[in-house]
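**Q** Take a look at the letters that make up each chain.
Number of protein chains: 2
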Amino acid sequence: MTAENRMDRMIRSVAHVFDWFGDGAYARHHLDPDIADFTFGNPQELPLPGLVSALQHHAVPQDKDWFAYKFSEPAPRAVVAASLQARTGIPFRDEDIALTAGAFGGLGVTIRALCDVDDEVIFLSPPWFFYELMIASSGATPVRVRLSGPDFALDHDAIAAAITPRTRAIIVNSPNNPTGRIYRPAELAALARLLEAASERHGRPITLLSDEAYNRIVFDGIEFESAAQHYGPTITIYTYGKTLLAPGQRVGYAALNPEFPDREAVNYKIFVQQLAAGWGFPNALLQHAMADLEALSVDIEALQRRRDRMVAALTEMGYEVTKPEGTFYLMVRAPDADDMAFTERLAEHGALVLPGAIVESPGWFRISLTASDAMVERGLEAFRAVLR
Amino acid sequence: MTAENRMDRMIRSVAHVFDWFGDGAYARHHLDPDIADFTFGNPQELPLPGLVSALQHHAVPQDKDWFAYKFSEPAPRAVVAASLQARTGIPFRDEDIALTAGAFGGLGVTIRALCDVDDEVIFLSPPWFFYELMIASSGATPVRVRLSGPDFALDHDAIAAAITPRTRAIIVNSPNNPTGRIYRPAELAALARLLEAASERHGRPITLLSDEAYNRIVFDGIEFESAAQHYGPTITIYTYGKTLLAPGQRVGYAALNPEFPDREAVNYKIFVQQLAAGWGFPNALLQHAMADLEALSVDIEALQRRRDRMVAALTEMGYEVTKPEGTFYLMVRAPDADDMAFTERLAEHGALVLPGAIVESPGWFRISLTASDAMVERGLEAFRAVLR
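Protein chains in written order, with the working numbering: chain A, 14 to 401; chain B, 14 to 401.
Just so you know, these hints were derived from the structure itself, not from any lab. Treat each hint with caution, since some may be false.
One copy or two, either will do: identical chains are not told apart, so a pair holds if it fits within one copy or between any two.
Straight-line Cα separation of at most 25 Å, SDA-like style, residue types lysine to any residue; simulated pairs [said to hold, decoys possible]: (1) 336 to 346; (2) 336 to 165; (3) 77 to 65; (4) 77 to 305.
So here's chain A without its partners, still in its complex pose (with noise of 0.2 Å):
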């Protein structure tokens, strides 16, 4: 495959998204004052006053090298190994995690790493945007495994069935966007174990990248836990991002398992790759705010508040809802099964969402519960008034 054909593949991957962001009902509406948009995990309200005097302090010079070229720096590296020792148990490293400028950043920097023209790598769908661009900007081959709705469980029979030789890793979103599941400790054992024995199998280790943006944005009290407590050829992969809702302030990480095979070669090749996606380090205020972002969150009761007022106000009204248990997002079947035509529709009575055929799920539509207080009665108004 030549690399023009890897642009290729590229621009063919998210034509579909660009497509629709140009030309849909987003782009002619979401500029109207009174429009409710639950499109993307975008904040609706100001941003949260913590983060704002966070930038402000660090903004204050301590030393000469205070803006001066960043790395990982020990730091933050040290604040991320505290989060992550005490979130899942595992004694993570300072040395195996790598600052990326969020996790979008961490993604490619860690599939081009370890991705090869002859490998192939395992993404779910419904996906997030941007995982066969990540894919296919290695060279390696995307491989889709879907999952059904309205559940959309992990399904250990279809993935253990696309694995083939050349499976070099799979990508695992818990949290999940857009279908809001968390896959539970029996679901990630039985994933271990069917990439355990496929590893064994074809003689090399499948590696698990663990999409984990939405691991602290989690409902009803659920324990989250992490594919990394399960198998050890995990790479975790974070942003602040979400947490802080300001995804335009770019910070997260990639951080291997302590036992993680050929732990120092595959951290000396996520450097380089960070090198070459253009100095991809979080910037230097970033990296100096650290352990004050690290402490900030959006109120997720106020989130899970949105999530119950409009499950519950969408099911009255008749439609067919999903219960998120994590993310900012819900899934509803469009009523009429074209979610385009609905999705036009609707933006015509007030109410922006993404329709389901942009992330694979013809059919749905995807509500970000980022939207106010105000813009839930408001969009609530949009879903009744497109039934009549």
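With the hints as your guide, set chain B onto chain A.
**A** Leaving out everything else, chain B in the frame of chain A:
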């Protein structure tokens, strides 16, 4: 070529840099409180107060989208286009400006957007540390054209000889790191003519990547002229990291000339590569601050004064020294031709410099003028002492 080969080539291209960075004189001495550190273009004094106040001011949100996902946003794009128009007289368009995480990001995404495994990319040696890495990351083949010291002028015949039907792009860095040379209008015009002839001959345009990270760090009242003023298929790449002396806050751009061939398609490819790089757009805070950043600069006169002080003092001691026309750097001939050994001895006497071998200039070493005045004086003592 497989991606595994790509990763291997990427690692090989930087091995000499990081072997030295990890084990050389810099690693052992740069934390000594009395060391005179001339190694990198990193700050040796506190950051610009204007930068600190800009970051603090623009950290205060003006709307709910303040820290939302940011692409290349309209307002900072307009700031950049106006700046480029004023500097070059070229009618750059806002939509041809890709805002990037520094010049590193700009180089990476443009090379990967343009280049194929069957392509070659020419770069001039002595080069910046990471040109080969960035070219290798696209799968293309790096082709080196050596320039000769002490003047390190553009060698048009050597460039012409290096061009083949596979040449897709050439990277030209002026003002040049490490040589301090600024290529003059006549040199650039002659380069443009030879690239035009070769593009015509081979039936596809050779892109000129004009790496202008230092285009505002210019001495002696020389008027900097961009390659973009001479050659249509040029992409101008800039970072604010040098002018602000704050390379840990990543912001810059890649700008297509208005007459760039197939402009819209190339812009879109760059955009997709920015996504794949890990959301390779500058952080929201830096985009909000762009108009302020554009107006800020380190003290160029102080840099010129330090250059003059060092050139005069080192020449008087018997060193052969280049007189840079711009950038942070001057090149000095190692007295015994072994720059690695000399650098080690110099470190023992209290001054750190970059061995020329790290930037393909064995027999030379590089001095960064970002040192403080006091450090310059301490350093000169070391340069004197090591000769005894």
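**Q** Are the hints correct? Go through all of them and say.
**A** Okay, the hints, checked on the actual structure:
1. 336 to 346: within (12 Å within a copy, 70 Å between copies)
2. 336 to 165: Answer is within: at 11 Å inside a copy they meet the 25 Å cutoff, but 67 Å across does not.
3. 77 to 65: both (23 Å within a copy, 13 Å between copies)
4. 77 to 305: Both, since 22 Å and 21 Å are each at most 25 Å.
Consistency with the previously given hints is maintained throughout, with no hint failing.
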